[in-house]
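Spelled out from the first residue to the last, the chains are:
Protein chains: 2
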Amino acid sequence: METSSFHNLTPAELRAAIRRGDWRKPTAGLAPRYVQVNLAILPAAHAADFQRFCQRNPKPCPLIAVSEVGDPRMTMLGADLDIRTDVPRYRVFQHGEEVAQPNNVLDHWRDDLVTFAIGCSFTFEHSLIEHGIGIRHIEQGRNVPMFRTGVQTTPAGKFSGPMVMTMRPMKAADAIRAIQITSRFPGVHGAPVHIGDPSLIGISDLSKPEYGDAVDVREGEIPVFWGCGVTPQAALLQAKPEFCITHAPGFMLITDLLNSDYAVI
Amino acid sequence: METSSFHNLTPAELRAAIRRGDWRKPTAGLAPRYVQVNLAILPAAHAADFQRFCQRNPKPCPLIAVSEVGDPRMTMLGADLDIRTDVPRYRVFQHGEEVAQPNNVLDHWRDDLVTFAIGCSFTFEHSLIEHGIGIRHIEQGRNVPMFRTGVQTTPAGKFSGPMVMTMRPMKAADAIRAIQITSRFPGVHGAPVHIGDPSLIGISDLSKPEYGDAVDVREGEIPVFWGCGVTPQAALLQAKPEFCITHAPGFMLITDLLNSDYAVI
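Just so you know, the sequences run in chain order A and B. The first sequence: position 17 = 17 (the working numbering), numbered continuously. Every position in the second sequence, counted from 1, becomes a number in the working numbering once 1000 is added.
For reference, chain A alone in the conformation it holds in the complex (with noise of 0.2 Å):
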């Protein structure tokens, strides 16, 4: 199949295509109406404080769901869903150490795993794109840029860190107008955490994103800050529990459920 081919696919068929291989590369601009998930999967003895951080977090953390205990199927987010195959690239990691980037983490599975799905700024993004407010990475074709801040998480047990956090460049009456729409979806990132100064949190320089790509940021242009679902990850690499999987950036889990199901308002 075409690239473009799998851009008129639901869903289910996009996770039906990854779970047989046919589609290894990142999921962005896939099932554009529909959520895309960050994942955290953990042994059960760290899933409470795990689940406590996310909690006191929701900005860089909203969690969208947990799994039951072991259990690889997470019918909230599809019937036919199976953890184990539905994500394009997955990384496996023992006392915080990357192990394998495997297409698939049935060799890794184990009866003890809780899965955290959070969420992305995609379903945002496109509510933005709907508004007509342009998104600079995406125009120039890059991944965002993510930024590991100065500003602390609220930690819980032996979870903690830095906010990561996306920017975007925008006009001012454009970040005004972002402000309004990001705060519909508190389920998803929300609204901007900071605008203006980078200095303020800690960034010395816009350029150097310490994850994804750097974009122009042009005269008269705001940087406006949004958390980020790197932060979980980050935290949960930091604490170096013995096991745990996550999904590769960019490489997410297609869900059924609609972006629009995240809007408050």
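If you're looking for bench data, these hints aren't it; they were derived computationally from the structure. For each residue, glycine too, the CB sits at the ideal point set by N, CA and C. Please note: incorrect hints may appear among the correct ones.
[Said to hold, decoys possible] Derived DEER-like restraints, expressed as beta-carbon distance ranges:
{"#": "1", "chain 1": "B", "residue 1": "Arg1020", "chain 2": "A", "residue 2": "Gly134", "range": "57 to 65 Å"}
{"#": "2", "chain 1": "A", "residue 1": "Gly157", "chain 2": "B", "residue 2": "Gly1021", "range": "33 to 41 Å"}
{"#": "3", "chain 1": "A", "residue 1": "Leu258", "chain 2": "B", "residue 2": "Leu1106", "range": "47 to 55 Å"}
Go by the hints and put chain B onto chain A.
The following block gives chain B in isolation, referenced to the frame of chain A:
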């Protein structure tokens, strides 16, 4: 002190008064600009399941904060706050049976307890009143009517059961405005879950609420139903853990959080 003099106290002053035993009545109307919360206190062995239950049922179970295991302080709710002493009346349960209604739980505290602070409708009622929308049960000096409905919660582990809803009758224009206003507060029950015909959610008689008091529903008014914080308590008691503590209905924990902090727009 006269009752009226309590109405000018700060949350910290009110908690201190409650701690000393100077206030042993329900907390409705005290520190009205501040968030009051429902409490569920249970052994750590049940905490992951209970938190997953709250995550899956955010309308009746909006989680404001979760304590560390065994820690009776929750500084995110108030620097001085002590979960064991700062509620005017508690209920202590063993295997789902109430064994005491003490004014503090110093003698019942255990090192394995986790406290869940769950949002309460006082927050959005304050906002409705500020917008000029009359709240019938307040006008009639009664407790809000609460109904055990035919709508089921999404289970998690051993926790399940019917959704309990509060009902407020309103004229249509006020109901529309109330939907807009409470949508701003997704972290504190949020928008209604039902409007209109009570039989559609398994309620046969609006004059016979399972909890609280009946209120007058007048000609041309529409009943408006919100998820109720009694839902997680009911799920907790149905699961019959060997031990748990809750606040007594109406005797809430007063926090330092502003209601307005929970408005997303």
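Status of each hint after checking the structure:
{"no.": "1", "hint": "B:Arg1020 to A:Gly134: 57 to 65 Å", "in the structure": "59 Å, holds"}
{"no.": "2", "hint": "A:Gly157 to B:Gly1021: 33 to 41 Å", "in the structure": "34 Å, holds"}
{"no.": "3", "hint": "A:Leu258 to B:Leu1106: 47 to 55 Å", "in the structure": "49 Å, holds"}
Of the numbered hints stated above, none is contradicted by the structure.
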